[in-house]
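Colleague: This is what each chain is made of:
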Amino acid sequence: MKRDEGMPHAQAQELLPWLVNDTLAADERRLVDAHARSCVVCRRDLVELERLRESFSESADPAGVPAPDMRRINARIDALVERDGRFGQLVAGLRDSLARPWRLAFAAQSLLLVALLTVLLWPQPATDEYTTLTTPQALPAGDYLRVVFDPDLDAAATARLIDGLALAIVEGPSERGVALLRITPPAGGEDADALAARLLGRPGVLFAQPAATAEP
Amino acid sequence: MTPPESGDKAVRQTAPGERTLLEAVGRRDRRAFTELYHRYHPRLHGYLRRFLANGALAEEVLDDVMFVVWKDARKFRGDSAVSSWIFGIAYRKAMTAARKESRYEAQLDRGAEAEAVADRPPRHRDLLRAALRELSPDHRQVVELTYFSGFSYREIAAIADCPVNTVKTRMFHARRRLKYLLPVLAGVDKEKTREKG
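So the protein sequences, as listed, match chains A and B. Be aware that the first sequence starts at 792, since it is given in this note's numbering, and climbs by one per residue. Be aware that the second sequence starts at 111, since it is given in this note's numbering, and climbs by one per residue.
Derived by calculation from the structure, the hints in this document are not laboratory data. Among the clues, some could well be false.
Stated by the list, open to error - Some chain A residues flagged as far from chain B (calculated, every beta-carbon gap over 10 Å):
| id | residue |
| --- | --- |
| 1 | 808 |
| 2 | 859 |
| 3 | 867 |
| 4 | 895 |
| 5 | 899 |
| 6 | 900 |
| 7 | 909 |
| 8 | 913 |
| 9 | 932 |
| 10 | 933 |
| 11 | 943 |
| 12 | 960 |
| 13 | 1000 |
Stated by the list, open to error - If the Cβ cut is set under 8 Å, some of the chain A residues that face chain B in the computed set are:
| id | residue |
| --- | --- |
| 14 | 861 |
| 15 | 935 |
| 16 | 946 |
On a predicted model such as this, the values are computed, not experimentally measured, just so you know. Positions of the beta carbon are idealized from the N, C-alpha and C atoms, including for glycine.
Please model the entire structure based on the sequences and the hints provided.
Modeller: Below, the structure written as structure tokens:
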């Protein structure tokens, strides 16, 4: 197998899904194509990915797309437009009041009242629950590790870090490199703490700890 | 079956028209909004329906997405394609809705799907559907946006508001997991069919 044409194998591997969906830039496409022509692994993966793409096409429309019904959204927009309109009228009224001093005092008082009511009645945005790396999380049965990889690592480097360990990334890594790893039995006799310790010893792993699970 | 209008390609061809439409929506042009809604309805419905178990919820979220488009059209700065901007809103809404969607409903849907699969020989698309449900939401979104909506990895990074390397890494691990899950699910289904026969 000859893998030195076009671009490095790991880089070509990462781009294969977008070669299949035909969205690579012309120069990237040329390099990945050149590599795939001389790489058995990439050619085999391309066949699999093409099959995956076809399956997506087959299952594209499982229940049929309903006809667009804009009644609900139109009602929401009407309500918004009406609210904005009322605000516009209020502004116009204030402008008129400025011409008559006795009205100005009344308008100022009204405005103050409206501002006060707005502050009191404005719905507070829901805030997302604050979680940390050690916050217990409802997870399917099994043992998990919460790991933070160096965010600058690419996919291949991340994969190399867990090579040889009975671990599979099931979630993430997030933009900050946080990932959830499932311990896949057999773990070679190592428990979650031992695996976390081994991971921490590898450069590129910033944090590793058994994930605390909560009742679903 | 003909694949859905491949989101990104179709959008690239009609991009100037959509940008003009969005600008008109920013000026509160209801006719332009109706046109934009009709153009995006099939693509957004397909994308949201695949991600959320409940069809009615998908339509509700679609309306939420387009309502944000109406309200925030003036905020569109033109740094990305119109489709990336709209799908970015859909991505965030879908993630929130998926988190809120009741576990009970999801289990019902999954149960019905498993029964349907067990009643006939498993097809690759049924297995794929089941396997996708096993992926984490962020891995699944990258796969769906690539293969169903036809976006490039750079556009997915804009939609998900994350670095391109993160998109590639998520896809890498999603592929790895699918590679493991598809044969496992196929094996289980074959066993079920054999037992029934």
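Colleague: All hints are to be evaluated individually against the structure, with a verdict given for each.
Modeller: Hint check results:
1. For residue 808/A, the condition that its CB be more than 10 Å from all CB atoms of chain B is violated, with the nearest at approximately 5 Å.
2. The non-interface label for residue 859/A is inconsistent with chain B: the shortest C-beta to C-beta separation is roughly 4 Å, within 10 Å.
3. Its closest Cβ contact with chain B, about 6 Å, brings residue 867/A to no more than 10 Å, contrary to its assignment away from the interface.
4. Taking the minimum C-beta to C-beta distance to chain B, about 31 Å, the non-interface status of residue 895/A holds against the 10 Å cut.
5. For residue 899/A, the shortest C-beta to C-beta distance to chain B comes to about 30 Å, beyond the 10 Å cut-off, and the non-interface label holds.
6. Distance check for residue 900/A against chain B: the nearest CB is about 31 Å away, which clears 10 Å, and the non-interface claim stands.
7. With a least beta-carbon separation of about 18 Å from chain B, residue 909/A lies farther than 10 Å from that chain, consistent with its non-interface assignment.
8. Distance check on residue 913/A: its Cβ is at least 16 Å (rounded) from any Cβ of chain B, clearing the 10 Å threshold; non-interface status holds.
9. Chain B leaves residue 932/A outside its interface by the beta-carbon criterion, the shortest separation being 14 Å against a cut-off of 10 Å.
10. No beta-carbon of chain B is positioned within 10 Å of the beta-carbon of residue 933/A; the least distance is around 13 Å.
11. Its closest Cβ contact with chain B, about 8 Å, brings residue 943/A to no more than 10 Å, contrary to its assignment away from the interface.
12. Under the 10 Å C-beta cut-off, the non-interface status given to residue 960/A relative to chain B is violated; the minimum distance is some 5 Å.
13. Every C-beta of chain B lies more than 10 Å from that of residue 1000/A, the closest at about 19 Å, which supports listing it as non-interface.
14. The criterion of a C-beta within 8 Å of any C-beta in chain B is met by residue 861/A, whose closest approach is roughly 6 Å, and the hint holds.
15. A hinted interface residue such as residue 935/A counts as satisfied when its beta carbon comes closer than 8 Å to some beta carbon of chain B; here the least separation is about 12 Å, so the hint is violated.
16. A distance limit of 8 Å between C-beta atoms decides the matter here; for residue 946/A the minimum to chain B is near 4 Å, and the interface restraint holds.
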